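Peer 1: Please model the entire structure based on the sequences and the hints provided.
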Amino acid sequence: MLTAKLLHTLTHPNSAYGAAFSPDGALLATASMDNTIKLWSVATGEEKARLKGHGDGVCGVAFSSDGKRLFSASLDMTVKIWNVGSGSVEGTLGGHQQYIESFAVSADGKWLASGGHDNDVRLWSDSGSPAGVLKGHKEAVYGVAISADGKYVASAGNDNQLLLWDLAAAKKILELKGHSGPPQCVSFSSDGKLLASGGSDAKVKIWNIPAGDLQTTLDGHSQLIKCVLYSPRGKFLASGSVDSTVRLYDARIGSHLLTLDGHKNTVYGLAFSSDDRLLATAGYDRTIRVWELGETS
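Each residue of the sequence shown is one higher than the last, beginning at 93 in my numbering.
Hint data in this document are derived by calculation from the structure and do not stem from the laboratory.
Bear in mind the structure is a predicted one, so any value in this text is a computation, not a measurement.
Idealized CB from N, CA, C, for every residue including glycine.
Among the hints, a few may not be true.
As the list claims (entries may be wrong) - Cut-off 35 Å, straight-line C-alpha distance, at most; resulting in silico cross-link-like pairs (DSBU-like, lysine-lysine):
1. K160 <-> K243
2. K327 <-> K243
3. K160 <-> K327
4. K202 <-> K227
5. K227 <-> K264
6. K269 <-> K227
7. K144 <-> K227
8. K263 <-> K356
What the hints assert, rightly or not - Restraint ranges, calculated between C-beta atoms of paired labels, are given here:
9. D116 <-> Q189: 18 to 26 Å
10. E387 <-> V225: 39 to 47 Å
11. E387 <-> G117: 12 to 20 Å
Peer 2: Written out as structure tokens, the structure is:
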């Protein structure tokens, strides 16, 4: 049986929208509507640094594969590249005409994707070079994900479209139809064979990739789902909702394992440590909760 022990409750002065563990598991980065990113010691829960530079709320963060750089996306319409050691900005990536709502980095750290209220998905290499613009949504892009091998991009839009793209060609492959109402968030499994999507219909749907057929639908949330995430080692699938809960599923068979209560409002962001042992949940209640996942026989 899966268990979850609350290790830390970390706070921002405004709502928390995203989180990311460093590859070595020593640091947790958190993104907030207070315009800052905080770096925390995972072991102690102590704040180690505060990164300031964005002119508006920060909606997403991710570490580079070597842990030396941090990528962040903001409502100020930019993506920033930070030096983790010094806390300085190494680069600012522009191009969006309206604020960024969603952000993703491929598992190997080579590709970045951002989805905006200008209806575009923008792609960059990890050096900050533009790698294409995906045009196909007619309204804001709420969710974006990149497959681990960098082959595919998935995007979820307020136009009710859930789209799969070829990253290298920057072309749409197909539309995945099944949600009633706008899809909100997307995540690829670590092997790239599955895509999870969360919707305003309070359902998580699992799709086979690249065929695009619907494999299963997971019920349980009572309100709109804002975030879904497969764990790096492929054990878990997590979903966070406006209903203030996080649900954990067995990623292989889709069975419900555990529901995490504790947030007082919408859960906006999720992050797993690289060993699948820790889960961070970021919420509108201005907290980031760090949970240790374990098994009882």
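Peer 1: Does each hint fit the structure? Answer for all of them.
Peer 2: Comparing the hints with the structure gives:
1. K160 <-> K243: holds (24 Å)
2. K327 <-> K243: Distance ~22 Å between K327 and K243 Cα, so the pair holds.
3. K160 <-> K327: Since the Cα atoms of K160 and K327 sit roughly 27 Å apart, the hinted pair holds (cutoff 35 Å).
4. K202 <-> K227: Holds: K202 and K227 sit about 21 Å apart, inside 35 Å.
5. K227 <-> K264: With Cα atoms ~8 Å apart, K227 and K264 stay inside 35 Å; holds.
6. K269 <-> K227: holds (18 Å)
7. K144 <-> K227: holds (31 Å)
8. K263 <-> K356: Violated: K263 and K356 sit about 40 Å apart, past 35 Å.
9. D116 <-> Q189: 18 to 26 Å: violated (37 Å)
10. E387 <-> V225: 39 to 47 Å: Holds, since E387 and V225 (Cβ atoms, about 44 Å apart) stay within the stated range.
11. E387 <-> G117: 12 to 20 Å: Hint holds: Cβ distance 19 Å, inside 12 to 20 Å.
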